[in-house]
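Asks: Chains A and B are the protein sequences, given in the same order.
Per our numbering, the first sequence starts with residue 6, numbered consecutively.
Per our numbering, the second sequence starts with residue 5, numbered consecutively.
Calculated directly from the structure, the hints in this document are not laboratory data.
Hints are supplied without guarantee of correctness; some may be wrong.
What the hints assert, rightly or not - Within a straight-line C-alpha distance of at most 25 Å, the following computed SDA-like cross-link-like pairs (lysine to any residue) qualify:
1. K92/A / V132/B
2. K220/A / I148/B
3. K153/A / F461/A
4. K220/A / V132/B
5. K220/A / L153/B
6. K220/A / D159/B
7. K92/A / A72/A
Said to hold, decoys possible - Derived CB-CB ranges, DEER-like:
8. D274/A / V151/B: 56 to 66 Å
9. P34/B / D151/A: 47 to 57 Å
10. I141/B / A451/A: 55 to 65 Å
11. F42/B / E256/A: 42 to 52 Å
12. E207/A / S116/B: 33 to 43 Å
13. V151/B / D218/A: 43 to 53 Å
14. G100/A / S116/B: 37 to 47 Å
15. T62/B / K153/A: 17 to 27 Å
16. G100/A / K26/B: 53 to 63 Å
17. E455/A / R86/B: 39 to 49 Å
18. W45/B / R221/A: 56 to 66 Å
19. P79/B / K153/A: 51 to 61 Å
20. R86/B / A451/A: 45 to 55 Å
For glycine and all other residues, C-beta sits at the position ideal for the given N, C-alpha and C.
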Amino acid sequence: MTTNPLPLSRRRLLQGSAALAAGAAGTTALASCGTVGAPAGATEIDYWLWDANQLPAYSAAIDMFMAENPDVYVRITQLGWDDYWTKLTASFVAGAGPDAFADHLARFPEFVKLGVISPLEGLGELDALPADHFKQGLQELWTGQDGKRYGVPKDYDTIAVLYDKALLEEEGLSEDDLASLDWNPEDGGSFERMLAHLTIDENGVRGDEDGFDPKRVARYGLGADAGIDYVGQTTWSAFAFSTGWTFTDAETWGTSFNYDDERFAATIDWYFGLVDKGFFPPFGMFGDSSPVQTQVQTGRAALGMAGSWMISTWANLEGLELGIAPLPTGPVGTPMSMFNGLGDSISAQSENKDEAARLIGFLASDAAQQAIGERAPFFPATDVGTEAAVAAYADRGLDVTPFTDRVDAGETGLYPLVENSAAIASIMQAAFDQCWMRQIDGADFASYNERVNALFR
Amino acid sequence: MSTATTSTRSVPTRRRRKDDTKLALLFIAPASLGLLVFLVWPLLTGIYYSFTEYTTLTPPQWVGLDNYVRLFEDPVFWTSLRVTILYVVINIGVQTVVALLIAVLMQRLTQSTILRSLVLAPYLVSNVVAAIVFLWILDTQLGIFNVALGWIGFDPISFWADETWVIPTVALVNVWRHMGYTALLLFAGLQSIPSHLYEAARTEGAGEMRMFRSITLPLLRPILALVLIMTIIGSFQVFDTVAVTTRGGPADASKVLQMYIYDNAFAQYQFGYASALSVALLVILMVITFAQYWMTRAGQSDLD
Numbered sequence: 006m007t008t009n010p011l012p013l014s015r016r017r018l019l020q021g022s023a024a025l026a027a028g029a030a031g032t033t034a035l036a037s038c039g040t041v042g043a044p045a046g047a048t049e050i051d052y053w054l055w056d057a058n059q060l061p062a063y064s065a066a067i068d069m070f071m072a073e074n075p076d077v078y079v080r081i082t083q084l085g086w087d088d089y090w091t092k093l094t095a096s097f098v099a100g101a102g103p104d105a106f107a108d109h110l111a112r113f114p115e116f117v118k119l120g121v122i123s124p125l126e127g128l129g130e131l132d133a134l135p136a137d138h139f140k141q142g143l144q145e146l147w148t149g150q151d152g153k154r155y156g157v158p159k160d161y162d163t164i165a166v167l168y169d170k171a172l173l174e175e176e177g178l179s180e181d182d183l184a185s186l187d188w189n190p191e192d193g194g195s196f197e198r199m200l201a202h203l204t205i206d207e208n209g210v211r212g213d214e215d216g217f218d219p220k221r222v223a224r225y226g227l228g229a230d231a232g233i234d235y236v237g238q239t240t241w242s243a244f245a246f247s248t249g250w251t252f253t254d255a256e257t258w259g260t261s262f263n264y265d266d267e268r269f270a271a272t273i274d275w276y277f278g279l280v281d282k283g284f285f286p287p288f289g290m291f292g293d294s295s296p297v298q299t300q301v302q303t304g305r306a307a308l309g310m311a312g313s314w315m316i317s318t319w320a321n322l323e324g325l326e327l328g329i330a331p332l333p334t335g336p337v338g339t340p341m342s343m344f345n346g347l348g349d350s351i352s353a354q355s356e357n358k359d360e361a362a363r364l365i366g367f368l369a370s371d372a373a374q375q376a377i378g379e380r381a382p383f384f385p386a387t388d389v390g391t392e393a394a395v396a397a398y399a400d401r402g403l404d405v406t407p408f409t410d411r412v413d414a415g416e417t418g419l420y421p422l423v424e425n426s427a428a429i430a431s432i433m434q435a436a437f438d439q440c441w442m443r444q445i446d447g448a449d450f451a452s453y454n455e456r457v458n459a460l461f462r
Numbered sequence: 005m006s007t008a009t010t011s012t013r014s015v016p017t018r019r020r021r022k023d024d025t026k027l028a029l030l031f032i033a034p035a036s037l038g039l040l041v042f043l044v045w046p047l048l049t050g051i052y053y054s055f056t057e058y059t060t061l062t063p064p065q066w067v068g069l070d071n072y073v074r075l076f077e078d079p080v081f082w083t084s085l086r087v088t089i090l091y092v093v094i095n096i097g098v099q100t101v102v103a104l105l106i107a108v109l110m111q112r113l114t115q116s117t118i119l120r121s122l123v124l125a126p127y128l129v130s131n132v133v134a135a136i137v138f139l140w141i142l143d144t145q146l147g148i149f150n151v152a153l154g155w156i157g158f159d160p161i162s163f164w165a166d167e168t169w170v171i172p173t174v175a176l177v178n179v180w181r182h183m184g185y186t187a188l189l190l191f192a193g194l195q196s197i198p199s200h201l202y203e204a205a206r207t208e209g210a211g212e213m214r215m216f217r218s219i220t221l222p223l224l225r226p227i228l229a230l231v232l233i234m235t236i237i238g239s240f241q242v243f244d245t246v247a248v249t250t251r252g253g254p255a256d257a258s259k260v261l262q263m264y265i266y267d268n269a270f271a272q273y274q275f276g277y278a279s280a281l282s283v284a285l286l287v288i289l290m291v292i293t294f295a296q297y298w299m300t301r302a303g304q305s306d307l308d
């Protein structure tokens, strides 16, 4: 669910202790969950996924599948994000990959190109799985340029603004104050004024008061993770989308990027310009040891933007009462969130494609989605699954509708589904780093855009 | 071949010679096999792949010199080369001076085995572990080093995220890990210098500094040259520390050559281009090594 398409990111290696603990729990559950081995006569298939937080939900759903399909035995393997892609690549090369596996949009175009994942057409009941079974647009994300489907939508994620309710009370603000903010790239709107007000320097002067020192900030209005990439999933993309900007020339499979668009340049100049104003941490201020949730938890930042896959991590933070607010309303008249969907793919090398298809078909069924949703620290791809998840969160006292509203109202922009994503990431990283270091500005992205577009020629 | 096998004086010896060859081959076999499988074969296939477009999942396609043309025109390759050379200069420069100092101190000051082993301790830590530990120590928010800087009135320095600091930081972390090992190699060289030379010098009234300049350094030259060749080759191949800490950032400021090769091969599936980059690294290392060997006359000793 992370946006990082590279196989070995330190972000994963050194994430906060909560994630580490979850990872450790996942590791103990690694390899074959449940029973010791396949019953005699059953076909054994492998299912891989990377998110340790998803393991309990998927184990439960797969147990249901095996109860209904005694002739199939599923071995679940969970690996951390970094190892996952390295091992997947290596096992494809060795011809020993899983039969079915959780797949990411930043990865699957490459897999299609390399011919290692199988189109789902003609694989038993998957043909009968209509696109409108899933949240709008999700199946589209998993459709290749040849019009064939390469993944069954599994779950999706959107972005919202997260904060500590205690801080809100301290500041004398209500939840409605945060829920009704607007933004524009010129002066940042009421969103920027809120950030300014919530920013406090080391002398206790607020960002909207005279004598504020933007170089010595005790609490930033908005927190930031250590790296911001070409997707900007939880950072600049929400603002850029809300100007009407799109990543590429097409909804999916675009071949020409728009990093040279004026709206993008204005958004980027505003976003990283917050550094100069002191409302946003300068580059390198917070490393991987202090992700956004830690900054908000420790009071180094007032607000944080985060993806829905992080809700549980935030909710479990000690001393923080989680509040969730929608993204600010942009020039297009609504908030806009990035919309990313994960899917289950089937390996082209699998000798048991039919069994694998039965498995991922089952995982998309209402019964499985309900079971997954109830245990979900994320949003399953269907309405049934999402409702179950929203209800499960509500039981814990969390209103997650600022995340789900975006999808229901169609206020989303799709995760860029393109070829060459690793090369794009590599080229654009230098630009985003330098812009954050305040060495280049939005207009300078045009030359990087040239290099990115050259990849498609 | 031992000298005994050249003797043809008696029949039994000749018979033994036959046996010897078979036995020798048997002994050589495992090492040769390893060399062939893990060194020669990958080297040859790597050179072959550098002339192809290869994803590892589809068969390689011959593209001639395309990868090399691209390499010469690739600004990131030249950046990474510059970054790597900066790293090597800092890493080897500091490491050699520190290691030499430690080696001389070990020889001239203490006979304690415990102290000598302690010096080697960092080398027992894996590169990745050392990198992670220093990643935390030098962290801007929680790192104890930055906390200590705060005590003496300095602002925290973002060692891993500042373009000017990042390469010196990586270089010095690796100095910390390798200095003990390098010192041990130099120490072994120092042991081969006859002690009577120092005794004679002392009788003549020479001080430690004078002895270091006139006895230790000249007589250590061949060993020092060899150690330099070895450490420079190793230094050019820096990867794990960068992969764990910065992944080449910020803005390619720590994108060393091996990192770039890895990125091309395993993130972008461009094994052909990555092979061409590797061949370039091989050529660079060969040129440097031969030049160095020749310049330092590593094959000769002043010790008769």
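Asks: Looking at the structure, which of the earlier hints fail to hold?
Replies: Those not satisfied are hints 4, 7, 8, 10, 12, 13, 14, 16, 17, 19 and 20.
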